[in-house]
Amino acid sequence: MNNKGTIVVFSDTLDKVLAAFNIATGAASMGMEVTLFFTFWGLNVVRKERSSVKGGNWMKRMMGLMNRGGAARLKLSKFNMLGLGTSMMKRLMEQSKLPDVKGMITMAKDLGVRIIACNTTMDLMGVQKDDLIPEVDTIAGVAKYVAEAKKSSMNLFI
Amino acid sequence: MNNKGTIVVFSDTLDKVLAAFNIATGAASMGMEVTLFFTFWGLNVVRKERSSVKGGNWMKRMMGLMNRGGAARLKLSKFNMLGLGTSMMKRLMEQSKLPDVKGMITMAKDLGVRIIACNTTMDLMGVQKDDLIPEVDTIAGVAKYVAEAKKSSMNLFI
Amino acid sequence: MNNKGTIVVFSDTLDKVLAAFNIATGAASMGMEVTLFFTFWGLNVVRKERSSVKGGNWMKRMMGLMNRGGAARLKLSKFNMLGLGTSMMKRLMEQSKLPDVKGMITMAKDLGVRIIACNTTMDLMGVQKDDLIPEVDTIAGVAKYVAEAKKSSMNLFI
Numbered sequence: 001m002n003n004k005g006t007i008v009v010f011s012d013t014l015d016k017v018l019a020a021f022n023i024a025t026g027a028a029s030m031g032m033e034v035t036l037f038f039t040f041w042g043l044n045v046v047r048k049e050r051s052s053v054k055g056g057n058w059m060k061r062m063m064g065l066m067n068r069g070g071a072a073r074l075k076l077s078k079f080n081m082l083g084l085g086t087s088m089m090k091r092l093m094e095q096s097k098l099p100d101v102k103g104m105i106t107m108a109k110d111l112g113v114r115i116i117a118c119n120t121t122m123d124l125m126g127v128q129k130d131d132l133i134p135e136v137d138t139i140a141g142v143a144k145y146v147a148e149a150k151k152s153s154m155n156l157f158i
Numbered sequence: 001m002n003n004k005g006t007i008v009v010f011s012d013t014l015d016k017v018l019a020a021f022n023i024a025t026g027a028a029s030m031g032m033e034v035t036l037f038f039t040f041w042g043l044n045v046v047r048k049e050r051s052s053v054k055g056g057n058w059m060k061r062m063m064g065l066m067n068r069g070g071a072a073r074l075k076l077s078k079f080n081m082l083g084l085g086t087s088m089m090k091r092l093m094e095q096s097k098l099p100d101v102k103g104m105i106t107m108a109k110d111l112g113v114r115i116i117a118c119n120t121t122m123d124l125m126g127v128q129k130d131d132l133i134p135e136v137d138t139i140a141g142v143a144k145y146v147a148e149a150k151k152s153s154m155n156l157f158i
Numbered sequence: 001m002n003n004k005g006t007i008v009v010f011s012d013t014l015d016k017v018l019a020a021f022n023i024a025t026g027a028a029s030m031g032m033e034v035t036l037f038f039t040f041w042g043l044n045v046v047r048k049e050r051s052s053v054k055g056g057n058w059m060k061r062m063m064g065l066m067n068r069g070g071a072a073r074l075k076l077s078k079f080n081m082l083g084l085g086t087s088m089m090k091r092l093m094e095q096s097k098l099p100d101v102k103g104m105i106t107m108a109k110d111l112g113v114r115i116i117a118c119n120t121t122m123d124l125m126g127v128q129k130d131d132l133i134p135e136v137d138t139i140a141g142v143a144k145y146v147a148e149a150k151k152s153s154m155n156l157f158i
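Protein chains in written order, with the numbering used here: chain A, 1 to 158; chain B, 1 to 158; chain C, 1 to 158.
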């Protein structure tokens, strides 16, 4: 088997995003070449915190308003409880000395994990290149994803 | 690595089903042999629009009533908002010249993607062969799925 | 391709957990070496039914209270309807002669499926070794998961 792993990050819930980064950084620290492909709701993870959708029609602006970017905003998929569960989880993570999503992004980059943002999603949601965090390496579509996935022994959809 | 990809489509939300078809058609257009295995809620994607569960006991009929088939019925997993978010997403897809799920099924078939419907789910939910769309190639169980997955370099569960 | 499969069980909904065990037991009965890695909400599947979080601070205890363990407690991700949908699904499973989750765990063990519990999740949620069912083979972290996944041709995240 080869030494590559590719993970589609489709979700933007705190729990799933943490799982994706845990596996990515774990694999990278063991010498694997890891690529994260952020698509659909997952694109929010690599959007700047204050980015808002300016261009496009009212639907893109409304979608952008509901669906705000920024790693600090992510919520649990369960027990969110108007933010209470999410903030409890964040405090438990601190107590367990686990980094938050921003810390995980930094760690991933330090370990050589490649971050791709899906251009089909960007077009669909009215997100521009300037709205993305600088940690994004490449903006690309499904052809790039498939090319990576074909070469990877570990493929996951999260 | 080989040239095969197998995707379990477990979900029936519009967003995840679109992701599955995007990857499947992208991979097939790049020459991969792709198999989609529709199971559990995902079976709804390959059920005819007007199919209703006629046989079976009241529980199968009630499950069939709540859990109606048809690619046009799929809803977003987030921001459905009584259908408003879903219809906004569909209009944004049209504007981005993205096909809808029915169009994706046609495109997938044209590119040689194989569609398998899970027989365990059919039995569980009281769905008959006649309730499935004609694009389904095979009705089979987990043994068939595993046989395909073992030969695939790209395995995903969506 | 090789003969190994590794599945991350991240979710604790009845439907997804059944899918994970169906694939695991199907693959194992066809001679594959299968490893299930229970992490995050999925850890609940391998927690004892009456286990409650005793140690830790109030947050760990509260998280433990909301997030109770036990294979019999799992609920559907859709149509739970205050438990009605879940119990209907369980009766449909009985009628189709499908085992419940406890039965699936036993069957998986009989077929040689390995069960790993994620130690990062245990620490985060305040779960002790004694809180886990005896069917758990190993308590380990992401490094163990990645080592297995690298050697597996079939990797899934459920």
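Do not take every clue at face value.
Note that the list lumps identical chains together, so a pair holds whenever it fits in one copy or between two copies.
[Stated by the list, open to error] In silico DMTMM-like pairs for lysine to aspartate or glutamate, Cα to Cα no more than 20 Å straight-line:
| no. | residue 1 | residue 2 |
| --- | --- | --- |
| 1 | K90 | D123 |
| 2 | K129 | E49 |
| 3 | K151 | D123 |
| 4 | K78 | D123 |
Simulated from the structure, these hints should not be mistaken for lab results.
Each hint, compared with the structure:
When the C-alpha separation of K90 and D123 is checked against a cutoff of 20 Å, the pair qualifies only between copies, where the shortest distance is 14 Å, while the shortest distance within a copy is 32 Å. Taking the shortest Cα distances, K129 and E49 sit within 20 Å of each other inside one copy (14 Å), while across copies they are farther apart (39 Å). Taking identical chains as interchangeable, the C-alpha atoms of K151 and D123 are never at most 20 Å apart, the minima being 27 Å within one chain and 35 Å between chains. For the identical chains of this complex, K78 and D123 are inter-copy neighbours only, at 19 Å across copies versus 29 Å inside a copy, given an alpha-carbon limit of 20 Å.
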